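Read off the chains here:
There are 2 protein chains.
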Amino acid sequence: MNAMARLRRMLPITQWLPEYGRDTLANDLVAALIVTVLLIPQSLAYAMLAGLPAQIGLYASIMPLLVYAIFGTSRTLSVGPVAVISLMTATIAGQVAGQGGADYQSAVLVLASMSGIILVLMGIVRLGLLANFLSHPVISGFVTASALIIVLSQLKHLLGIETSGHTLLTLAEGLFSHWQATHWPTLLLGLGTLVFLLVARRWLKPGLIMLGLAPRAADLLAKAAPILAVAVTIGLTWGLKLDQQGVSVVGTIPASLPPLTMPSLDIGLWRELFVGALLISMVGFVESVSVGQTLAAKRRQRIDPDQELIGLGGSNLAAAMTGGMPVTGGFSRSVVNFDAGAETPAAGAFTAMGIALASLTLTPLIAYLPLATLAATIIVAVVSLIDLRAIAQTWAYSRSDFAAMMATILVTLVYGVESGILAGVGLSLVIHLYRTSRPHVALIGRVPDSEHFRNVDRHRVETDDQLTILRVDESLYFANSRYLEDIVLGLVASQPELRHLVLACQAVNLIDTSALDSLEAINTRLEGAGVQLHLSEVKGPVMDRLRKTDFLDHLSGDVFLSTFDAWRALHGARASALSSPDPSKHDPGTARHFSDSS
Amino acid sequence: MNAMARLRRMLPITQWLPEYGRDTLANDLVAALIVTVLLIPQSLAYAMLAGLPAQIGLYASIMPLLVYAIFGTSRTLSVGPVAVISLMTATIAGQVAGQGGADYQSAVLVLASMSGIILVLMGIVRLGLLANFLSHPVISGFVTASALIIVLSQLKHLLGIETSGHTLLTLAEGLFSHWQATHWPTLLLGLGTLVFLLVARRWLKPGLIMLGLAPRAADLLAKAAPILAVAVTIGLTWGLKLDQQGVSVVGTIPASLPPLTMPSLDIGLWRELFVGALLISMVGFVESVSVGQTLAAKRRQRIDPDQELIGLGGSNLAAAMTGGMPVTGGFSRSVVNFDAGAETPAAGAFTAMGIALASLTLTPLIAYLPLATLAATIIVAVVSLIDLRAIAQTWAYSRSDFAAMMATILVTLVYGVESGILAGVGLSLVIHLYRTSRPHVALIGRVPDSEHFRNVDRHRVETDDQLTILRVDESLYFANSRYLEDIVLGLVASQPELRHLVLACQAVNLIDTSALDSLEAINTRLEGAGVQLHLSEVKGPVMDRLRKTDFLDHLSGDVFLSTFDAWRALHGARASALSSPDPSKHDPGTARHFSDSS
Numbered sequence: 001m002n003a004m005a006r007l008r009r010m011l012p013i014t015q016w017l018p019e020y021g022r023d024t025l026a027n028d029l030v031a032a033l034i035v036t037v038l039l040i041p042q043s044l045a046y047a048m049l050a051g052l053p054a055q056i057g058l059y060a061s062i063m064p065l066l067v068y069a070i071f072g073t074s075r076t077l078s079v080g081p082v083a084v085i086s087l088m089t090a091t092i093a094g095q096v097a098g099q100g101g102a103d104y105q106s107a108v109l110v111l112a113s114m115s116g117i118i119l120v121l122m123g124i125v126r127l128g129l130l131a132n133f134l135s136h137p138v139i140s141g142f143v144t145a146s147a148l149i150i151v152l153s154q155l156k157h158l159l160g161i162e163t164s165g166h167t168l169l170t171l172a173e174g175l176f177s178h179w180q181a182t183h184w185p186t187l188l189l190g191l192g193t194l195v196f197l198l199v200a201r202r203w204l205k206p207g208l209i210m211l212g213l214a215p216r217a218a219d220l221l222a223k224a225a226p227i228l229a230v231a232v233t234i235g236l237t238w239g240l241k242l243d244q245q246g247v248s249v250v251g252t253i254p255a256s257l258p259p260l261t262m263p264s265l266d267i268g269l270w271r272e273l274f275v276g277a278l279l280i281s282m283v284g285f286v287e288s289v290s291v292g293q294t295l296a297a298k299r300r301q302r303i304d305p306d307q308e309l310i311g312l313g314g315s316n317l318a319a320a321m322t323g324g325m326p327v328t329g330g331f332s333r334s335v336v337n338f339d340a341g342a343e344t345p346a347a348g349a350f351t352a353m354g355i356a357l358a359s360l361t362l363t364p365l366i367a368y369l370p371l372a373t374l375a376a377t378i379i380v381a382v383v384s385l386i387d388l389r390a391i392a393q394t395w396a397y398s399r400s401d402f403a404a405m406m407a408t409i410l411v412t413l414v415y416g417v418e419s420g421i422l423a424g425v426g427l428s429l430v431i432h433l434y435r436t437s438r439p440h441v442a443l444i445g446r447v448p449d450s451e452h453f454r455n456v457d458r459h460r461v462e463t464d465d466q467l468t469i470l471r472v473d474e475s476l477y478f479a480n481s482r483y484l485e486d487i488v489l490g491l492v493a494s495q496p497e498l499r500h501l502v503l504a505c506q507a508v509n510l511i512d513t514s515a516l517d518s519l520e521a522i523n524t525r526l527e528g529a530g531v532q533l534h535l536s537e538v539k540g541p542v543m544d545r546l547r548k549t550d551f552l553d554h555l556s557g558d559v560f561l562s563t564f565d566a567w568r569a570l571h572g573a574r575a576s577a578l579s580s581p582d583p584s585k586h587d588p589g590t591a592r593h594f595s596d597s598s
Numbered sequence: 001m002n003a004m005a006r007l008r009r010m011l012p013i014t015q016w017l018p019e020y021g022r023d024t025l026a027n028d029l030v031a032a033l034i035v036t037v038l039l040i041p042q043s044l045a046y047a048m049l050a051g052l053p054a055q056i057g058l059y060a061s062i063m064p065l066l067v068y069a070i071f072g073t074s075r076t077l078s079v080g081p082v083a084v085i086s087l088m089t090a091t092i093a094g095q096v097a098g099q100g101g102a103d104y105q106s107a108v109l110v111l112a113s114m115s116g117i118i119l120v121l122m123g124i125v126r127l128g129l130l131a132n133f134l135s136h137p138v139i140s141g142f143v144t145a146s147a148l149i150i151v152l153s154q155l156k157h158l159l160g161i162e163t164s165g166h167t168l169l170t171l172a173e174g175l176f177s178h179w180q181a182t183h184w185p186t187l188l189l190g191l192g193t194l195v196f197l198l199v200a201r202r203w204l205k206p207g208l209i210m211l212g213l214a215p216r217a218a219d220l221l222a223k224a225a226p227i228l229a230v231a232v233t234i235g236l237t238w239g240l241k242l243d244q245q246g247v248s249v250v251g252t253i254p255a256s257l258p259p260l261t262m263p264s265l266d267i268g269l270w271r272e273l274f275v276g277a278l279l280i281s282m283v284g285f286v287e288s289v290s291v292g293q294t295l296a297a298k299r300r301q302r303i304d305p306d307q308e309l310i311g312l313g314g315s316n317l318a319a320a321m322t323g324g325m326p327v328t329g330g331f332s333r334s335v336v337n338f339d340a341g342a343e344t345p346a347a348g349a350f351t352a353m354g355i356a357l358a359s360l361t362l363t364p365l366i367a368y369l370p371l372a373t374l375a376a377t378i379i380v381a382v383v384s385l386i387d388l389r390a391i392a393q394t395w396a397y398s399r400s401d402f403a404a405m406m407a408t409i410l411v412t413l414v415y416g417v418e419s420g421i422l423a424g425v426g427l428s429l430v431i432h433l434y435r436t437s438r439p440h441v442a443l444i445g446r447v448p449d450s451e452h453f454r455n456v457d458r459h460r461v462e463t464d465d466q467l468t469i470l471r472v473d474e475s476l477y478f479a480n481s482r483y484l485e486d487i488v489l490g491l492v493a494s495q496p497e498l499r500h501l502v503l504a505c506q507a508v509n510l511i512d513t514s515a516l517d518s519l520e521a522i523n524t525r526l527e528g529a530g531v532q533l534h535l536s537e538v539k540g541p542v543m544d545r546l547r548k549t550d551f552l553d554h555l556s557g558d559v560f561l562s563t564f565d566a567w568r569a570l571h572g573a574r575a576s577a578l579s580s581p582d583p584s585k586h587d588p589g590t591a592r593h594f595s596d597s598s
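Residue numbers (UniProt numbering), protein chains in the order written: chain A, 1 to 598; chain B, 1 to 598.
Keep in mind that the hints were calculated from the coordinates and are not lab data.
Quick caveat: nothing in here was measured; it's all calculated off a predicted structure.
Among the hints, a few may not be true.
Heads up, the list lumps identical chains together, so a pair's fine if it works in one copy or across two of them.
To be verified - 20 angstroms max Cα-Cα, derived EDC-like pairs, lysine to aspartate or glutamate:
id: 1; residue 1: Lys548; residue 2: Asp243
id: 2; residue 1: Lys298; residue 2: Glu497
id: 3; residue 1: Lys298; residue 2: Glu520
id: 4; residue 1: Lys548; residue 2: Asp558
id: 5; residue 1: Lys298; residue 2: Asp486
I would like the entire structure built from these sequences, with the hints used as guidance.
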């Protein structure tokens, strides 16, 4: 494509900015205002979840949004700190430094930088597909397990006690050994907020509608409940001096714009954090893309996954350079942005300005914000992630996918997010390979008076004891090639009458080198047994490859366009006299590799 | 199956021993004699290659053969030390102990025991398929690289110098820094043997035939050349007292039957050697099974891979308990056994007796056997394993398989056998997954006046701009499910006229949970766009699974038995009025897992 087109692709902003009009501006401004209100408590809360000072959350919600507005392809995606990524950040950074220290913050910056670099590179080489190796059961299990850990990790703020840990056991142990130290005012405040938020989520919207509000307005107001909780609890803390009575609060934070930061260049640190950064990038990308695609589809828009990698990567690099934390496109915030009528990424840019304003002006108030309030908002946000329905559905649909899902959940709970997701991915790969290593094969016969062929076990069809048609329902590759040899040779051994074997290949999408060797071996052995091997319905790409080899010259039988053609040609026909197997013809297959080895 | 049948399956000897007759006995005895003659030098040589005292090779060629005769399913397979396995043994045992020491020998016994146990267990749980994860290109590359290393490792014996190492670099470095110390008498003897063996291999058989021998006799005599070389060089060494002039010889070895040995039970050692033992088992099994299948096919016999695991496992356990080394079924020895007319595993048992006799009586002579002679026999045996043709063919057929092959070769040469084979297996898995992650999809149209549908790019076919038929040439699973979403949504976005989309599923052998989520998402999004989603040619097993879910209830269109039925029903038809997309209907897919997460 020409330079202009490439530019338009790499800078999606060039696609919408030119025709940016006043109405669009109005809509984007409204959406930005609403999202800002939602985002302030969320940013503070997820910074705390990540084990960072609250203002880091605000910083991470400014530059990254501006950068995404330039490079992102989704019109309505809202980028920033999100729950699961914040938990992963806390766990992974926690492995190299103790929370609260400067080392910890620099580890977080390195994580953001590395994720940014990984995402941008993958976008440039168009490797967005790699994210697909995270199967849905694995992601779903991972998110559920993470949500459980997040809830547990926030209980300490509700109880006003000191514990730490990122796994089920460490967290439970911590809570169990410190619960006596519960600080009752904090617990009261926290539970109050929790109950209020749960009630608001459940009944505020219908309530407001009954009071005569327009459904959309009611919906948006209901979504603003968290900011209300924040305001009220700040007021209480300030009025009743709760902070002086032991209620932990955010405390004084600098009223400033994000600082310029330079991530550490300690190679050792980068190597230590690489796997973690890779996982953060993948999970963040999968979340962001699926949210983006869902929203885009609703307005018949499309997003470009590879360009999304660059947009998200840019956002994370921006976060790393402005004292932030790893970010990605979040679900509920994006939905709010969408419902509030955002039309272009400009809404995101305006939101960034709103947050910037807040971090300049609201910090004196935020100082009085109880951590218990933030904990409550986090808990309410993540409980809905615990998706037991998905677990049940997966169990019903596929035992092996269920196994991968449970492995992810258990390992995540017991050993943490990193091991959990790796275990899930590894297991789903092995399961997939095992599944394809015993391909489903079917003997097929002709549906009477038709050109169709169906499984002889499932349909009433014509067959012929000199002609066997075997349909292999899998691509042929190293993991199943020898299994095919076993099947075919067994078939021949069991049918003395057999003269023609047709492999119906409509389901064979690939024949790799191992499978080609096996086909050569099968052909040679069948020839020896006086049976001709034929192929039918070979796919174009597969045929193109076979033509590059001498297999088709060795093939004792023919290649038919359709199975029906094969049937017409071979049904009831005697085998053409076969030259007795040529002894000089070597039997291919693995044996060859070892010939004369011993 | 009943007890008797199970016994016959688990003890294949019960299948042939009862009808064992005099003629069979005669044939087996002749074969045994010939194989014994071939086996004596080979056993000594491979023991040396494995860094063990020569007699270990003899010990490993006695009990293992007897055990295989009882449990093995191949009538003609000859079990014992083989080149590649001996090299693997040397490399892996060398990682935990210095050659020559007692620790080294006990490490070798542990390797034999562990491989035996692994093989037997895999046989019991019928996991022979696991060996398929060694793709042909990987095995072929591995064998070629191993052969190169073996040749290099034997040069020191030809030169009569001291070096060590199991990788290209260490070996080359050793030879380069010690070649000045070359012992000329040794080199002369070694080169002489080498030339003789090469000449014999090339011209002895035709020569003997010209002298009027029957081809088969000539062939067998030619194969006996190594024992002749052994006899002659022993004579020379003894007559010229070469051993006293610095020609390294096997030296005095005890004239005895194999000792009873108990492998060390040091858990640490077993853990250290586990991966190595696993690889030895797999490579040995693959070699043995492919040889066995090749020979069995020639006589219309079959072998049972799972029972073979038990036979080989038993042989290795026997080797471990009688002071031996890891063994497997070798190619050329088995071919000799086959050509010599062996009819039953009894031939193997007789061979074992022959070797036992040799280790009781011939040791005084073997003491004078020069190591250079053994090195020459090894080199001649393995050069033919260097299969450049396979490399060229793989390059021509598949670049990605070629990549896996080269990775195996290079890593094996540079880092050794263990890393080499692991790298090859890992890479071939990743390649396979990447290959299936961008499935081939084809828009298909109707072959005029037929019930067939073909790729619109490859054939002249009827199409319909309101009806698009998409054939997906791959099973749908997590690695390619999102790619399908991209393809379909892109298609719909590019065809405003479109009313019906049919997914032709004849090549879809599996729809896993991730793909099911994606289909749900596609269905919902198409419905929103006023396009009906239909399926055709869904396979029985796939349909059975789908019926377990509510997907078919959500599906906006129908499921057709054949694509032609779909064409008949939808061609030229307007879309049935669609209810406008129900907003309450949530869009499935990954997004769901993150809903409200942020």
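Verification of the supplied hints:
For the homomeric pair Lys548 and Asp243, neither the shortest alpha-carbon distance inside one copy (78 angstroms) nor that between copies (56 angstroms) is at most 20 angstroms. Taking the closest pair of Cα atoms, Lys298 and Glu497 come within 20 angstroms of each other only across two copies (19 angstroms); inside a single copy the shortest separation is 60 angstroms, beyond that limit. In this homomeric assembly, Lys298 and Glu520 come within 20 angstroms of each other (Cα to Cα) only across copies, at 15 angstroms, whereas the closest approach inside a single copy is 52 angstroms. In the homo-oligomer, the alpha carbons of Lys548 and Asp558 lie at most 20 angstroms apart inside one protomer (17 angstroms), although the nearest pairing across protomers, at 40 angstroms, exceeds that limit.
Taking CA atoms no more than 20 angstroms apart as the test, Lys298 paired with Asp486 passes between copies only; the shortest distance there is 15 angstroms, against 51 angstroms inside one copy.
Of the numbered hints given earlier, the model fails hint 1 alone.
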